[in-house]
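Produce the complete structure using the sequences and hints provided.
Heads up: the sequence lines are chains A and B, in that order. Note that the first sequence covers residues 1 to 330 in UniProt numbering. Note that the second sequence covers residues 1 to 330 in UniProt numbering.
None of these hints come from the bench; they were simulated from the model. Don't take every hint at face value.
The following residues of chain A were derived to be distant from chain B, with all beta-carbon distances above 12 Å [claimed, not checked]:
hint	residue
1	Ile30
2	Ala63
3	Met124
4	Gly253
5	Glu284
List of simulated lysine-lysine pairs, DSS-like, C-alpha gap at most 25 Å [claimed, not checked]:
hint	chain 1	residue 1	chain 2	residue 2
6	B	Lys229	A	Lys203
7	B	Lys2	A	Lys229
8	B	Lys28	A	Lys255
9	B	Lys281	A	Lys2
10	B	Lys2	A	Lys281
11	B	Lys203	A	Lys2
12	A	Lys2	B	Lys9
13	B	Lys281	A	Lys9
14	B	Lys203	A	Lys203
15	B	Lys181	B	Lys243
16	B	Lys234	A	Lys2
17	B	Lys9	A	Lys234
Built from N, CA and C at the ideal position, the CB exists for glycine as well.
There are 2 protein chains.
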Amino acid sequence: MKKIINDPKDVVDEMVQGLVRSYPDYLKRIPETGVVYRSDLEKIKGKVGIVSGGGSGHEPTHAGFVGNGMLSAAVCGEVFTSPTPDQIFEAIKQVDSGAGVFLVIKNYSGDVMNFEMAQDMADMEDIKVKSIVVDDDIAVENSTYTQGRRGVAGTVFMHKVLGAAADQGASLDEIEELAQKILPNIKTIAVALSGATVPEVGKPGFTLADDEIEYGVGIHGEPGYRREKLQPSKALVEELVGKLNDEFKFEKGEKVAVLVNGMGATPLMEQYVFMNDVLNKLDELGLNVEFTKVGNLMTSLEMAGISLTIFRVNDDLVNNLNYATHTIGW
Amino acid sequence: MKKIINDPKDVVDEMVQGLVRSYPDYLKRIPETGVVYRSDLEKIKGKVGIVSGGGSGHEPTHAGFVGNGMLSAAVCGEVFTSPTPDQIFEAIKQVDSGAGVFLVIKNYSGDVMNFEMAQDMADMEDIKVKSIVVDDDIAVENSTYTQGRRGVAGTVFMHKVLGAAADQGASLDEIEELAQKILPNIKTIAVALSGATVPEVGKPGFTLADDEIEYGVGIHGEPGYRREKLQPSKALVEELVGKLNDEFKFEKGEKVAVLVNGMGATPLMEQYVFMNDVLNKLDELGLNVEFTKVGNLMTSLEMAGISLTIFRVNDDLVNNLNYATHTIGW
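Shown next as structure tokens:
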């Protein structure tokens with residue numbers, strides 16, 4: 001294992017420390033926890049707080065999306081491990097100012113269980129909490145750590161849209177309704193070129209031959225649906241857009257937002273080449289691309305690969321995607 | 001070679017296409033060139049244009065820093081290859097609105113020669129052009145493609161400070177003076193964990209053993225000054241901050257800005273752990289850290305590694321670093 005770290009067991013603690021020390025204008029930490037919250041928390045007084053989180057190793061997700069117009073707080077678990085209910089509860093208490101708190105949960109059994117327990121703890125203290133479980137990865141049904149579909153990079157679109165709505169004063173019920181409305185319209189699929197190594201494990205979660213790729217790998221290295229020889233970008237796009245279109249069954253003229261997400265070790269150069277091919281393909285399908293984003297937003301440590309998220313949008317949602325935000329990672 | 005591309009010879013063209021199609025509100029391209037410029041170019045009317053560029057493969061450098069408060073245009077050469085003088089000249093003409101154009105050149109022989117030729121071409125058309133050659137990498141004197149020291153991640157601080165000054169109406173002479181003043185106060189040093197593969201070459205520029213690192217590697221894989229076994233982050237920080245301090249000879253109470261830059265494949269997690277150790281070390285030296293930035297700003301394709309830039313600042317320079325900017329990459 002070749003990593004710039006100290007003791008593997010201290011990685012998350014030292015990462016969170018480095019993060020809040022680097023960006024004190026953006027982030028504060030609840031001492032001794034993995035909870036980071038907006039430094040300007042007073043600005044959401046009377047508004048719904050938005051909280052997300054999960055295992056670490058997906059940076060800038062989730063802490064990088066804490067700030068005006070996105071998340072109010074993020075809970076950083078150990079690497080690829082759900083944060084504990086008490087830490088999630090601390091985050092809820094920190095950001096509630098009476099209007100309630102909305103939780104964005106990626107669909108992993110550990111996350112779902114722990115966020116629900118935190119929600120119960122909040123209920124007992126009369127804090128209004130609602131939530132959504134994001135399951136945007138269409139690659140496989142059920143997976144190593146998941147019942148149903150996994151939650152992956154499309155979650156960032158959920159953060160952005162709900163964060164914009166909350167900042168504009170939407171109520172907890174309105175945010176829940178919005179989340180449920182957009183959930184089935186956000187879909188993602190990935191391709192991996194190499195695996196990632198969890199520091200405390202010390203070796204890659206999976207390995208691929210020098211000329212081999214795997215379609216549909218999850219953000220913790222969960223198995224996908226097919227391995228084959230490396231293909232050119234255009235062929236990858238055919239496969240991935242094809243799979244997404246099988247789900248969406250798009251008609252000409254529909255409006256979409258697109259996220260090309262690097263998994264960690266894949267250069268921006270390749271992500272832009274891939275996006276260029278995606279846009280050609282979406283043109284061919286007659287879709288109107290209203291919003292585009294390219295970059296390492298939901299990574300899997302040093303995994304090489306890419307994910308493609310398509311989000312069926314209307315003009316209001318595009319406005320939320322373009323809504324001004326002040327975060328490190330968006 | 002495992003890359004998400006099509007034909008290696010089309011990589012830069014397809015990348016630039018993907019880039020401007022993804023971010024039409026930020027960037028436009030001069031057709032058939034590697035020149036990208038601000039979509040809102042009318043906003044710099046009467047102001048000095050700032051142009052940078054160089055070989056591609058360092059994304060988001062340089063195109064990602066085109067926008068309000070940073071660069072007016074960037075010239076994308078082939079991978080790790082200087083852009084041609086005529087393309088640089090196109091960029092100069094595109095952004096000149098009478099106040100002149102300032103060129104930020106990284107110190108590589110090809111870049112210096114081609115940017116100077118473009119400057120001569122501009123002189124012949126009576127466009128006022130001045131320039132600075134950035135040589136912030138303290139690792140070695142002279143290098144594979146360089147007389148003197150190499151220009152690396154510290155160049156991004158140069159973009160930011162000069163871009164802010166230009167936006168605030170500084171004259172060409174004032175920008176030149178500012179650039180010369182800050183140049184000796186920006187210093188960088190890197191450590192690499194693995195090499196990068198240029199698409200048209202097809203194999204890594206250098207290789208390291210599984211447990212080996214190299215100090216002082218350049219952003220094109222140019223040799224550094226020592227190889228040894230992988231060290232913990234704290235030990236790397238001792239080495240790199242020590243080397244920088246040997247140059248700066250800091251006294252207690254001096255003000256600095258710090259950039260921890262990922263070389264491509266190194267997760268943000270590791271970059272934050274490393275920054276945490278850097279900040280501890282700078283505390284120990286009694287320095288006042290006034291500005292911090294962490295992320296993949298000047299990469300070397302999929303190289304794993306990190307560079308550390310320290311910039312000796314005063315309050316005005318901190319204001320320029322914090323000056324509002326509208327780019328994809330900052």
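*With d taken as the least Cβ-Cβ distance between Met124 (chain A) and chain B, does d exceed 12 Å?*
34 Å, holds
*Say whether it holds or is violated: Gly253 (chain A) keeps its Cβ farther than 12 Å from all Cβ of chain B.*
At roughly 19 Å from the nearest Cβ of chain B, Gly253 (chain A) sits farther out than 12 Å, so the non-interface label holds.
*asked:* Can you confirm whether the C-alpha distance between Lys229 (chain B) and Lys203 (chain A) stays at or below 25 Å?
replied: 18 Å, holds
_For a C-alpha distance cap of 25 Å, please report whether Lys28 (chain B) and Lys255 (chain A) respect it._
Cα-Cα ~23 Å, so holds.
_Just to be careful, I want the Cα atoms of Lys203 (chain B) and Lys203 (chain A) compared with a cutoff of 25 Å; is the pair within it?_
24 Å, holds
*With 12 Å as the threshold, tell me whether Ile30 (chain A) passes as away from chain B on beta-carbon distances.*
Label holds. Min Cβ-Cβ 17 Å, cutoff 12 Å.
_Least C-beta distance from Glu284 (chain A) to chain B larger than 12 Å_ = 14 Å, holds
_Against the 25 Å threshold, does the CA-CA distance of Lys281 (chain B) and Lys9 (chain A) hold or violate the hint?_
At roughly 21 Å apart (the allowed maximum being 25 Å), Lys9 (chain A) and Lys281 (chain B) satisfy the hint.
*Are Lys281 (chain B) and Lys2 (chain A) close enough, with their CA atoms no more than 25 Å apart?*
Holds: Lys281 (chain B) and Lys2 (chain A) sit about 23 Å apart, inside 25 Å.
*Straight-line Cα separation of Lys234 (chain B) and Lys2 (chain A) no greater than 25 Å?*
15 Å, holds
*Given the hint that Lys2 (chain B) pairs with Lys281 (chain A), test it: the Cα-Cα distance must not exceed 25 Å.*
23 Å, holds
*asked:* Would the hint linking Lys2 (chain B) and Lys229 (chain A) be met if the CA-CA limit is 25 Å?
replied: Answer holds: Lys2 (chain B) to Lys229 (chain A) is near 10 Å, not above 25 Å.
Of the numbered hints given earlier, the model fails hints 2 and 12; all others are met.
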